[in-house]
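Visitor: Chains as they are written, first to last, in the numbering used here: chain A, 12 to 822; chain B, 187 to 351.
Please keep in mind that the hints were generated in silico from the structure rather than gathered at the bench. Everything hinted at is true.
So the derived list for chain B, only partly shown, Cβ under 7 Å to chain A, looks like this:
# : residue
1 : Thr223
2 : Ala236
3 : Cys328
4 : Gly330
SDA-like mimics (lysine to any residue), calculated; alpha carbons at most 25 Å apart, straight line:
#  : chain 1 : residue 1 : chain 2 : residue 2
5  : B       : Lys188    : A       : Ala71
6  : B       : Lys188    : B       : Arg210
7  : B       : Lys188    : A       : Tyr156
8  : A       : Lys382    : A       : Ser341
9  : B       : Lys188    : A       : Ala155
10 : B       : Lys188    : A       : Ala101
11 : B       : Lys188    : A       : Arg72
12 : B       : Lys188    : A       : Glu159
13 : A       : Lys382    : A       : Gly440
14 : A       : Lys421    : A       : Arg334
15 : A       : Lys382    : A       : Asp221
16 : B       : Lys188    : A       : Glu166
17 : B       : Lys188    : B       : Leu250
18 : A       : Lys382    : A       : Met438
19 : B       : Lys188    : A       : Ala105
Fair warning: this is a prediction, and the values are worked out from it, not measured in the lab. The C-beta atom is built at its ideal place from N, Cα and C for all residues, glycine as well.
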Amino acid sequence: MTRPAGQAHGHGTGPALADGRRPGQGEREERRGRWVGAAMARKEDPRMLRGTGRFVGDLARTGMLHAAFVRSPFAAAGVSAIGTSAALRAPGVAAAFTAADLGRPYLLATLERDEFVPTQMPLLAGDQVRFAGEPVALVLADDAYQAEDAAELVEVDWAQLPAVTGLAAACDAAARLVHPGLAGNCLVDLLMFDDERLGEIFAGAPLVVDGEFTSARVAALPLEGRACLAEWDDRDGQLVLHVSTQIPHQVRSAVAQALQLPERAVRVIAPDVGGGFGLKCVVGREEVVVAAAALRLRRPVRWIEDRQENLAASFHGHEQRYRVRAAFDSRGRFLALDADIECDVGAYSAYPFTCAVEPLMAASELPGVYKVPAYRARGRAIATNKAPTAPYRGVSRPQLVLVMERLMEKAARALRADPLELRRLNMIGPGEFPYTGVNGITYDEGSYRESLDLTERRVAEGGWPAERDGLRAAGLLAGIGYACFSERTGYGTPTMSQRRMRMTPGYDTAQVRMDPTGEVIITTGTCGHGQGHETTFAQIVADRLGVHPDQVRLRQGDTDLVAYGWGTFASRSMVIGGGAAARAADAVADQLRQVAGCLLEASADDVELREGSARIRGDSRAALPISEVARVVYFQTHTLPEALRYGLEARASFDPPGTFSNACHAALVAIDPGTGAIRLHRYLVVEDCGVVINPLIVDGQVRGGVAQGVAAALLERIRYDGEGQPVSTTLMDYLPPTAAEMCPVDIVHLQTPSRFSGTGAKGMGEGGTIGAPAAVLNAVNDALAGLTAGFDHIPVLPEDVSAALAGEGAS
Amino acid sequence: MKDMHQIRLRVNGREHELTVEARRTLADMLRHDLGYTGTHLGCEHGICGACTVLVDGSPVRSCLLFGVQADGTEVSTVEGLAAGDELSDLQRAFSDHHALQCGFCTPGFLMLAEAYLTERASVDDLTEAEARELVASNLCRCTGYQGIVEALLATARSRHRAGGP
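With the rest of the complex left out, here is chain A:
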C-alpha cells in the first residue's frame, strides 16, 4: 500500500517525474512523519474501482417517486397560469407541484452590507422566470421516463419579455430590470479600496499600462451532475436527504429555512459525490423542492439532474470583465493599480455565498504576489437573464492572476525589459514575509521568488527553448508563458467574516475516537468528494496515535455526525478539517499515554506511541499494544483512576485565519498558423503547499486543476444567443478537454510549512486552475508576438487566432 521511502515524496508516479528527487535549493523539508508525506495509495480507491461506490443515483427506496422539472423555454417571461391536469392524468404520475402549491418557498442569500441588494431565489419560479431553464413545476411519477413524459404535458402560459443577456445590456440606462427595483441591475457595487493619490500618481507615472481583460462563462461540469433523494423518516422525525453536495450542513440550513423546520428535523447525507468544483458548494433549489415534495407526500423522491439541465440550468461561473490601468516607475516597479471589475452573475444570488463572492474575491486579492503601493478596486455583480453563478474552482483568482500576469508582460514589453525580471522586481521577496499588502491582507511565508527561479531553471534545463525553436522550424508558431501567484487557503471566520455573510463559514470540528479494538474513527464536518480525505486524514491521525492508517476510518458528509461543519470548498479541508482532526488526535494521544503510563507504572510523559505500541522511551521491554490500552479503557475501566475511565475520544474545532500557498506555472504551446489550432506541448508547475500530507494526492489535485485551467484558456465557453437562449447545452457544444488536449504536467514541490494550520499544510485544491489560464495565455501571446496585438481574453479559440493572423484584429 505504501511506496518505498525513497519515493515517498511522490516522484515515483511516472515518466513525467522521472527526475526523482528535487534539487535542494528552496526545498525546505522532507517527509514529516511515519505516514504524513507518504505517497499512500488511496483508501477510497478499491470501492470506486469495483463499482461499489455509493452515489445518490445508486440509492433507491421502495415506493420511490422520480422527479422531473418543468423549465422555462425563455430567458425572461411572465407566467400567468400553469396547468398540471394533463400531466396528472399521465401514466404513473403521482403528483405535480407549482410554486403556489408549495406556498412559494424561497432561498435568500444575504450579505450584511449596504452595497448588497438581497434578492430571493424562489424554489420554483412564480409569476416570472429569469433565465432559460428556470424550474416552474415539478412532476413526480413511478419511473423517470414517465416523469419526463408527463413534465412535457404541463401547460404554462408564458408572456415572453425582452431578455438582458450581457453586461453592456444590463448596465444600459434603458435596460429592463431582472429583479424589480434592482437599480442598474446591480446586485452589489463595492468600492473595496480607494486612494486619493491615484490621480496624481497616474498623471506623473513614467509608464501606464491599461487593458480590458475578459473571461467567458464556464461550467464546472462534474461528471456526476446534481442529485437528491429525499425521504421522511417517521421514527426519527427527520426529513432525510441524500444529496450530491460539497456542503451538507448548508443544505440542511437551507432546507430548514425554506421549509420552516428546525435544523434537527433535517438530516443531509452526502454519499460518494462525483466531483463538485464549486457547483455543489451552493444549494440547488431543486434539492430543496425535492425535499418539500417528499415531506408533502411522505414518500421517497429522487431527482437526478441530466447533462442538459446541468449545462443550462444549474450554476455557471467566471463571466468577468476587468478594466485595469497600472502605473509603473521607469524601472518597472508598480506605482499604482486601478481596477473596475464586473461579474455577470446571472439571475440570482446563490445560497449561501451570494453573488458577491466573485467581485469580493477579485477586488480584495488582485495584487496577488506583487507589491502595489496604491490601489483602487471597484467590484460589481450584475444581474442578467442567464443561469446564476456559483464559486467555481479558483473563484476569480484565475482571472485576477491572468490580469496581473498580462500586466507584467505588457509593462515588460513597453520597457523592453525581461518579463521575469520585472516580476522579480515587483514580487514580495524572500525576506519580506509576513507581508501586509495595500489590500490589508497579510501574506504568510511562501516561496514566491524561489518558485519562479526554479521554474525558469527547469524550463531551461528541460530544453524548452530548443523545443520551441524546433516547433518554429517546423512551421508552427510556438511560445512559452509563465504565471506566478499565491492563493489564500484554509481561511476560517477571522477572514470569512470580512465578507459579512449572514451565515459566516470557516471553522470546522472533528472528533477522534478509538474503539475497544484500537481502531480509530474520525468524524469531520468537511466533505471530500474526490480529494482523498479518507486517506489524508488517516495519515495525519495515524502519526499522532502511533497506529497504521488502515486502522483509521474517516466518517464525513452526514449532518448527524457533527454539530455543524462547513464542507469542502475554497481549499479548506486539509488545513481546517485536518487541523481539527490533528488537535483531536493529540488529545486522544494524551489519553492513551496517561492510561499506558498508569498500566506500565511510568510517567505519561515518558510514553511514546509508535507502530501500534505504547512504549516507555529508552526501555524497549516496557511496551503495550495500543489495542490492549484501548481494551482496558473500555472493558476494565474500573481499574483506572476516575479521570481516565469510560472512553478514548476527543472533539476539537479549528478556525484559522488562512494561509497562502504559492506556485509558478510554465506552459509551452504550439499554434498551427493554417488552422489556428493551439496545442499544449509542455507544462510545469513548481508549487508550495507547505507540508505535503500525500504527494500522490497533491499531484493529482494539481494536474486536474491545470486541466480545468487549460480548458478555461483554450476550450470552454458557455454561450447564449441574443435572446438569452443557452447554446452550449450538450457535450458536443461545450468542450471539456480530453486526454488528447492535455500533455503531461511536471510538478516540483517546495515546502514552506504554514504557521497557521497545525499540520504545516496549506490548501492546494484550486491552484492548478488558478495559474493555468495566465500561463497558457502568455504562451499563446508569446507564440504570436509581433504578429498580433496579443489576446487579453479567454478562451482563445482557433477562430480568434485565424482572424488575428488574417489581420482582422480579433484581439
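Here the structure of chain A is known, so what remains is to put chain B in place on it, guided by the hints.
Guide: Using the frame of chain A, we list chain B on its own:
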C-alpha cells in the same frame, strides 16, 4: 401502454431473464433493473463514456443502446473485473497511478481499457500517444488524465511481460 419485451442476457457470466420496456436504455436496465450500479451515467448522449460496458467483448456506450438490444448477448461491467477480493492488474494500476479521484468516470475508463488490452494481441509497443488517444474516448473532470494514461501503459507492459493478457 408500455411496450414490454422479454429478454435474456448474461452479465459478468451470470444469466438474467427479465421483461424490459422497449425504450429503456441498457444503462438504466443494468443499473436499476439488474442492480449493476457500478455503470455510471455522465451525459446520456454518448460523449462522456462513463457508462461504457462491453457487449460481447466490445466497448459500447450503454446510454446509447436499448436494453432489448442486449438480448442474447454477454455483457461485462465493472463489477466483473475483480476476482473476488482480488483487484485486477488494471484496477491496481489505476490506484497505483492515482488514475481516479471522485471515481465517477472510472468504471467507463476501466472497461474501455480492458477491452483494448484484451483485443490488442501485443501491447508491449503501446506508445504514450496511442494510450492518450484511447483515453481521449472518455471524459474525466478530476485527474487531467495523466494517471489514467500511465495506468494503461503500465498494465500493457506488465501483461506483455506476463505473456499476454
